[in-house]
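With chain C's structure known, arrange chain W on it following the hints.
Each chain, letter by letter, is given below.
2 protein chains.
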Amino acid sequence: MNSKNSHPTTVGEYLLARLCTLGTKHIFGIPGDYVLRFNQLIEQHPHIQFINTTRENSAGFSANAYAHLKGLGVACVTYGVGIEIISALAQAYIENYPLVIISGAIAEREYKKNKKCHHLMNKVATEHGDCTQLEIFKNLTIDHGLLHFPSTAAAVIDRVLHSCLEHKKPVYFELPRDMVDQPLLHLPTISSTSTSSTTPIPDLDKVLNETQRILSNCHYPLIWAGHEILRFNLNSPLLRFAEKYNIPLVSSLLGKTVIDEHHPLFIGVYQGEMSSDKTLETVKKCDCLLIAGVIFNDIDTGIFTTKLDHKHQIVVNHDSLTIDHHHYSLSLVDYINGLNNLTISQSFSLPYASRHETVIKKFSAVSETKTTMKRVFECLQTHLTSEHIVVSDVGDSLFASSDLVLAQNSFLSNPYFTSIGTGIPTAIGAQFADPSRRVVAIVGDGGFQMSAMELSTAVRYHLDPIVIVLNNHGYGTERVLLEGDFNDIVNWNYTQIPLVLGGGVGIKVATEEAFQQALEKAFSQRNTFYIIEVDLDKTDFSPSLTRLGETLGKIVKSEN
Amino acid sequence: MNSKNSHPTTVGEYLLARLCTLGTKHIFGIPGDYVLRFNQLIEQHPHIQFINTTRENSAGFSANAYAHLKGLGVACVTYGVGIEIISALAQAYIENYPLVIISGAIAEREYKKNKKCHHLMNKVATEHGDCTQLEIFKNLTIDHGLLHFPSTAAAVIDRVLHSCLEHKKPVYFELPRDMVDQPLLHLPTISSTSTSSTTPIPDLDKVLNETQRILSNCHYPLIWAGHEILRFNLNSPLLRFAEKYNIPLVSSLLGKTVIDEHHPLFIGVYQGEMSSDKTLETVKKCDCLLIAGVIFNDIDTGIFTTKLDHKHQIVVNHDSLTIDHHHYSLSLVDYINGLNNLTISQSFSLPYASRHETVIKKFSAVSETKTTMKRVFECLQTHLTSEHIVVSDVGDSLFASSDLVLAQNSFLSNPYFTSIGTGIPTAIGAQFADPSRRVVAIVGDGGFQMSAMELSTAVRYHLDPIVIVLNNHGYGTERVLLEGDFNDIVNWNYTQIPLVLGGGVGIKVATEEAFQQALEKAFSQRNTFYIIEVDLDKTDFSPSLTRLGETLGKIVKSEN
Numbered sequence: 001m002n003s004k005n006s007h008p009t010t011v012g013e014y015l016l017a018r019l020c021t022l023g024t025k026h027i028f029g030i031p032g033d034y035v036l037r038f039n040q041l042i043e044q045h046p047h048i049q050f051i052n053t054t055r056e057n058s059a060g061f062s063a064n065a066y067a068h069l070k071g072l073g074v075a076c077v078t079y080g081v082g083i084e085i086i087s088a089l090a091q092a093y094i095e096n097y098p099l100v101i102i103s104g105a106i107a108e109r110e111y112k113k114n115k116k117c118h119h120l121m122n123k124v125a126t127e128h129g130d131c132t133q134l135e136i137f138k139n140l141t142i143d144h145g146l147l148h149f150p151s152t153a154a155a156v157i158d159r160v161l162h163s164c165l166e167h168k169k170p171v172y173f174e175l176p177r178d179m180v181d182q183p184l185l186h187l188p189t190i191s192s193t194s195t196s197s198t199t200p201i202p203d204l205d206k207v208l209n210e211t212q213r214i215l216s217n218c219h220y221p222l223i224w225a226g227h228e229i230l231r232f233n234l235n236s237p238l239l240r241f242a243e244k245y246n247i248p249l250v251s252s253l254l255g256k257t258v259i260d261e262h263h264p265l266f267i268g269v270y271q272g273e274m275s276s277d278k279t280l281e282t283v284k285k286c287d288c289l290l291i292a293g294v295i296f297n298d299i300d301t302g303i304f305t306t307k308l309d310h311k312h313q314i315v316v317n318h319d320s321l322t323i324d325h326h327h328y329s330l331s332l333v334d335y336i337n338g339l340n341n342l343t344i345s346q347s348f349s350l351p352y353a354s355r356h357e358t359v360i361k362k363f364s365a366v367s368e369t370k371t372t373m374k375r376v377f378e379c380l381q382t383h384l385t386s387e388h389i390v391v392s393d394v395g396d397s398l399f400a401s402s403d404l405v406l407a408q409n410s411f412l413s414n415p416y417f418t419s420i421g422t423g424i425p426t427a428i429g430a431q432f433a434d435p436s437r438r439v440v441a442i443v444g445d446g447g448f449q450m451s452a453m454e455l456s457t458a459v460r461y462h463l464d465p466i467v468i469v470l471n472n473h474g475y476g477t478e479r480v481l482l483e484g485d486f487n488d489i490v491n492w493n494y495t496q497i498p499l500v501l502g503g504g505v506g507i508k509v510a511t512e513e514a515f516q517q518a519l520e521k522a523f524s525q526r527n528t529f530y531i532i533e534v535d536l537d538k539t540d541f542s543p544s545l546t547r548l549g550e551t552l553g554k555i556v557k558s559e560n
Numbered sequence: 001m002n003s004k005n006s007h008p009t010t011v012g013e014y015l016l017a018r019l020c021t022l023g024t025k026h027i028f029g030i031p032g033d034y035v036l037r038f039n040q041l042i043e044q045h046p047h048i049q050f051i052n053t054t055r056e057n058s059a060g061f062s063a064n065a066y067a068h069l070k071g072l073g074v075a076c077v078t079y080g081v082g083i084e085i086i087s088a089l090a091q092a093y094i095e096n097y098p099l100v101i102i103s104g105a106i107a108e109r110e111y112k113k114n115k116k117c118h119h120l121m122n123k124v125a126t127e128h129g130d131c132t133q134l135e136i137f138k139n140l141t142i143d144h145g146l147l148h149f150p151s152t153a154a155a156v157i158d159r160v161l162h163s164c165l166e167h168k169k170p171v172y173f174e175l176p177r178d179m180v181d182q183p184l185l186h187l188p189t190i191s192s193t194s195t196s197s198t199t200p201i202p203d204l205d206k207v208l209n210e211t212q213r214i215l216s217n218c219h220y221p222l223i224w225a226g227h228e229i230l231r232f233n234l235n236s237p238l239l240r241f242a243e244k245y246n247i248p249l250v251s252s253l254l255g256k257t258v259i260d261e262h263h264p265l266f267i268g269v270y271q272g273e274m275s276s277d278k279t280l281e282t283v284k285k286c287d288c289l290l291i292a293g294v295i296f297n298d299i300d301t302g303i304f305t306t307k308l309d310h311k312h313q314i315v316v317n318h319d320s321l322t323i324d325h326h327h328y329s330l331s332l333v334d335y336i337n338g339l340n341n342l343t344i345s346q347s348f349s350l351p352y353a354s355r356h357e358t359v360i361k362k363f364s365a366v367s368e369t370k371t372t373m374k375r376v377f378e379c380l381q382t383h384l385t386s387e388h389i390v391v392s393d394v395g396d397s398l399f400a401s402s403d404l405v406l407a408q409n410s411f412l413s414n415p416y417f418t419s420i421g422t423g424i425p426t427a428i429g430a431q432f433a434d435p436s437r438r439v440v441a442i443v444g445d446g447g448f449q450m451s452a453m454e455l456s457t458a459v460r461y462h463l464d465p466i467v468i469v470l471n472n473h474g475y476g477t478e479r480v481l482l483e484g485d486f487n488d489i490v491n492w493n494y495t496q497i498p499l500v501l502g503g504g505v506g507i508k509v510a511t512e513e514a515f516q517q518a519l520e521k522a523f524s525q526r527n528t529f530y531i532i533e534v535d536l537d538k539t540d541f542s543p544s545l546t547r548l549g550e551t552l553g554k555i556v557k558s559e560n
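Read top to bottom, the protein sequences are chains C and W. Note that the first sequence covers residues 1 to 560 in my numbering. Note that the second sequence covers residues 1 to 560 in my numbering.
It is possible that some hints are incorrect.
Since copy identity is lost for identical chains, a pair holds within one copy or between any two.
[Stated by the list, open to error] Computed list of lysine-lysine pairs in DSSO-like fashion (alpha-carbon distance at most 27 Å, straight line):
#1 K116 <-> K307
#2 K115 <-> K206
#3 K374 <-> K138
#4 K521 <-> K25
#5 K115 <-> K370
#6 K206 <-> K70
#7 K112 <-> K138
#8 K113 <-> K307
#9 K123 <-> K70
#10 K284 <-> K113
#11 K138 <-> K285
Calculated from the structure, these hints are not laboratory results.
So that you can see chain C by itself, here it is in the shape it has in the complex:
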């Protein structure tokens, strides 16, 4: 058996054994009667811990963070009322998180006796059970497994997990409560989750030759690396290739920290006209662009302002590659690994001084001066090392965070699905995935109100994220677009939250000096979480948000 938990003999044990083999040490969720026996089975597992969150969608967002850092995330909910996890499923679907949702379900023989049971929705009812949740989740998953039959359960589990890992998309298991302890009737003989292959890869040589030809004829190649490089764990081969030929890199926002941003070859996050001047100039100067694993969404393209018109352009994604105008069904994994077999005669010179020189090393607080978004991030930058993971909620926290210079694979947000309120559960999931690094979560007040109390989970499991609440008094991002009372929120005393939760430290600051002191205190103490509330002006936006707002505002107005 491919498991640390040797010889699983039941459906529930097999599912846990497979997840354990794939590196799962924590499963996030909320218990409920249709899943209670499986919750108990997790609790009894020697290598997997059940992590109680306060609500289901938090469990999902935490699992997505876990998937980001460890390659697979698992959340477990009960039927029907667990459907709230759909927000995290949507994020996972659109941002390519290998997320596994396990939902309990009613036993088929119970259902046959009476369909009208609590938690069931029965809009789509079959003789086997209520399929409503499945029909809903089908719209946001790449595969699913109904574990209704012990004879096929193991094979279904293997197939669905394989789909999840192959496509880096969410999957769904439905586990009726009477199936948890059912003996497995057939065990698959070969693990179908293996993706290695020894057969020649069609078109690879042709594409590599084409790549070689293009690179040999350019002076300033550039790599634009996206989140798929992170998901498919291709950071090392990509960087090896870049280093071999001295090719600089930019990243997408979704792929931020695909390589260490202090690396001499790293230029910045490229988002069209929203990018920093230096990044923009570098992109404009390049005469060959390799776009690897980038999704051209509105946020990542600076609202479609990446008007790239390079003759020599290679666009490669998960399962396709376009080089000039030729299209191939070549995978990102095969192509990036293949690049290291190329032999190009020249090494390139950089089109611009590398960005790492501009990293701020020291912050001098101006005394008695109200702090600003810009200064908060300058101060924070000086505290960040490779020992930290930065989580950003959506809003100006995200736009401002995009300029932080960070270590490899140390940034989590949701810049494509753009759901506010993800910051805290993401921070929780990140710390479980990588307890060696301290998590810094940057959240706006609007997003924080949606999930602040998930810090309860930090109290329970002794986690210590540093939460920076950028209090700009409402939905700041929307004020730029269209102002109204609907953008206002109640001004909570965020630093009193530790009093409610029975753990953590709260500090409210308004000046540069106070923020710096609060940060120093928080970074110097582990084993307790910090909430640092920064009082900001309602109209203090980051330069990045101001530029985005102007662009989006034009769209909203022109559409009406």
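Chain W in isolation, oriented as in the chain C frame:
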């Protein structure tokens, strides 16, 4: 035009005008860029107020409460990230709330330019837009309207609202942001939401004759009235009929307070073997049962222990009627109204003393005695009048609440979908729907952790619910079924929440006397919310939960 907001000329104005005509004064939601212009339009409406909640599913639960008390509830969210409202949609679907969800959406011409925009999911993409959210919501709605065309928008709005009111089920509107201000091209000439009819109703006479025959031959008829009586506003005609012939009534849990529970004819909430002894005896003694608007779900039947085997039984629901073994497509509305045209020669004698004699009028706290679930509800009972609405979250709060004797239409919970965490948003929605009555929300600690911070909305709009937090230290309902660490939660200092929110009063009590004093204080002061945390023993369950737990526990164990 059928509107107080005269002459709507645009799609957005027409939608608001129709909702206004149907009694909508508040729309609950969270703003977002795809819906921002519509948010502004609501804000500018003279008779409708936009109520900001802190999260989308709260908006949905508040709208369900509003629907319960006012006949229609409306929630408004932005696209994609607003999908979290699905929990409330599931509740509305299964418990028959006429809930209208309005979601903003991307403009078709924006989408045609580029499909990869923030918040979109694009699993189901068409040329007109991303249909993923629609495909998901189709599984929990009775009808939907895509307001993509000004030429059909008014007719679509009318049709969908008509479906919502006719079926008492949720509906979904998708309003692209460029359509909000589009001029209407066609206006419907007749409001299609009218349900009145002058044509004879097929089978009505036949069924009434049958009813008359059955009633004339029995001695102890009984009415079991469910939530559909509330939804279709049939309380008065049903009670008129009961009073005319002196027929006693029991209610379902979902239909609790379908009539004033102090009424001499009211016996109790009937839930099979979970019912009080007196209710059970009354049901067993009756020789003719009229079951009106009841859904036979597990909770409402005491886990299917309502083994009714009356020869003379009439079961009528929204759109069907069964009398003895004859089935008719007769509607609940037509039948209940028709009952008042019956002439039965006899008036019946009650099978049992009416329940109202047992209502506790006075509570004497035993000094220095730790309070219990039983005593908390005895004390609370003495404070409740027709000036109050009781909201119960799911868990032992619900089982214990079922025994409270309350005024007509003064109880809200979700005993069929059974989602914990609904208590606070339900209380918020209830107070907006009926500001004349004080709301008392009874919640468990587990459920309260899911939505406690929605009390922020109480601070914002000066609402004053009295929140009783039954702190039994974890998911008490589940401990009865299967014990494990997963049933534990962090023990918050719930009474410190007012400090965070900047409003409200928190009181923690453990004894009978302290609880009584806290209640008296809370009931004597309006305009501020109260949190009364009651410290209970982990194993202090209501008698009702103990009985349910035993039944459910057997099921969980036998299934494994």
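Results of checking the hints against the structure:
1. Proximity of K116 to K307 under the C-alpha cut-off of 27 Å is restricted to the inter-copy arrangement: shortest distance 15 Å between copies versus 56 Å within a copy.
2. In this assembly of identical chains, K115 and K206 lie within 27 Å of each other by CA distance neither inside one copy nor across copies; the values are 58 Å within and 31 Å between.
3. For the homomeric pair K374 and K138, neither the shortest alpha-carbon distance inside one copy (43 Å) nor that between copies (45 Å) is at most 27 Å.
4. Proximity of K521 and K25 under a CA criterion of 27 Å is satisfied in neither setting, with 31 Å inside one chain copy and 49 Å between copies.
5. For a Cα distance limit of 27 Å, the shortest separation of K115 from K370 qualifies neither inside one copy, at 61 Å, nor across copies, at 42 Å.
6. In this assembly of identical chains, the alpha carbons of K206 and K70 never lie at most 27 Å apart, being 34 Å within a copy and 68 Å across copies at closest.
7. In the homo-oligomer, the alpha carbons of K112 and K138 lie at most 27 Å apart both inside one protomer (24 Å) and across protomers (25 Å), since each shortest distance falls under that limit.
8. Taking the closest pair of Cα atoms, K113 and K307 come within 27 Å of each other only across two copies (14 Å); inside a single copy the shortest separation is 61 Å, beyond that limit.
9. Taking the closest pair of Cα atoms, K123 and K70 come within 27 Å of each other only across two copies (25 Å); inside a single copy the shortest separation is 37 Å, beyond that limit.
10. In this assembly of identical chains, K284 and K113 lie within 27 Å of each other by CA distance solely across copies; the values are 23 Å between and 68 Å within a copy.
11. For the homomeric pair K138 and K285, neither the shortest alpha-carbon distance inside one copy (44 Å) nor that between copies (49 Å) is at most 27 Å.
Checked against the numbered hints above, the structure violates hints 2, 3, 4, 5, 6 and 11; every other hint is satisfied.
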